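> The lines below spell out each chain.
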Amino acid sequence: MELVAEQRGEMIVVSALGDRIDAAGAIQFKDRMRELTQTPSPRVVLDMSRVAFLDSSGLGAVVAVMKALGPDRKLELSGLTATVQKVFRLTRMDSIFTIHDHLPDGLRQVG
Amino acid sequence: MDVQAGDLSSSIWLTIPGRQTAVRDGLRALLDTLLLRSLPEDGRGTAEIVLSEALNNIVEHAYAHHDGEIEISLQLRHNELVCRISDTGLPMPGGQLPSGVLAPLGKLEDLPEGGFGWHLIRSLSKDLSYHREDGRNMLSFRLDTQQSPA
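As they're listed, the protein sequences go chains C and X. Using the working numbering, the first residue of the first sequence is number 30, and each one after it goes up by one. Using the working numbering, the first residue of the second sequence is number 240, and each one after it goes up by one.
Chain C with its partners taken away, still in its complex shape (with noise of 0.2 Å):
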């Protein structure tokens, strides 16, 4: 799984390139996030418009990313494919993260 990250103002956007996050991925997914949000930045945006799948496993790393954040920093999930909106529906777990339809490009030069 490719992440690309970059610094806008306050907030780190990481785009996942790569189109799923399983459980034959999920270590690493979990693993490069955690060196991607060394960077201290109070919002971290997860760009996964271009993840067509997600599983158990996957969904577990994005929240163990999230956790590992610590509760002074949020992970914010942006551009969800339908069958990975579903997973998070069925989970309840799109209660949890703050979800946005597209990378908030108006909040670009805050901070």
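It is worth saying that the hints were derived from the structure and are not from the lab. This structure is a prediction, so every number in the text was calculated from the model and none was measured. Please note that a few of the clues may not be correct.
As the list claims (entries may be wrong) - Listed below are the simulated DMTMM-like cross-link pairs for lysine to aspartate or glutamate, each with C-alpha atoms no more than 20 Å apart in a straight line:
1) C/K96 to X/E352
2) X/K346 to C/D101
3) C/K103 to X/E319
4) X/K346 to C/E105
5) C/K96 to X/E299
For chain C, the structure is supplied; the task is to place chain X on it using the hints.
What follows is chain X alone, placed relative to chain C:
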């Protein structure tokens, strides 16, 4: 990786090694068959979720201590995908499928990082059944291909 896929318009048989990477490749092969490509997007997504959870569960638990193969058969009948999956791994604990009840979502530090798989399978499938036969785990269920039940 040795994938044998049969595709007789409305039936598919696939045998894969019980390993994570083989599950990923096997799912890709299944999703690419004419049968699954003929399903509406929603039904195809449901099939990918449920099959992925069922297969990864076999890899992680049934084949936790030894290698083996997973046999998958899918049949389309009256807008339903009839799925049968078998393996020669360890039996389900207590001979029963997990309940799949979600842990309560409380504080950030207590959020569950697992235990979603059987909840997803149970939410999206019908007539889920499991039994042991001649040293094999036999799992079967049906998926609505037109409108997901959840």
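> Each hint needs a verdict: does it hold in this structure or not?
Cross-check of the supplied hints:
no.	hint	in the structure
1	C/K96 to X/E352	holds, 10 Å
2	X/K346 to C/D101	holds, 13 Å
3	C/K103 to X/E319	violated, 41 Å
4	X/K346 to C/E105	holds, 17 Å
5	C/K96 to X/E299	violated, 24 Å
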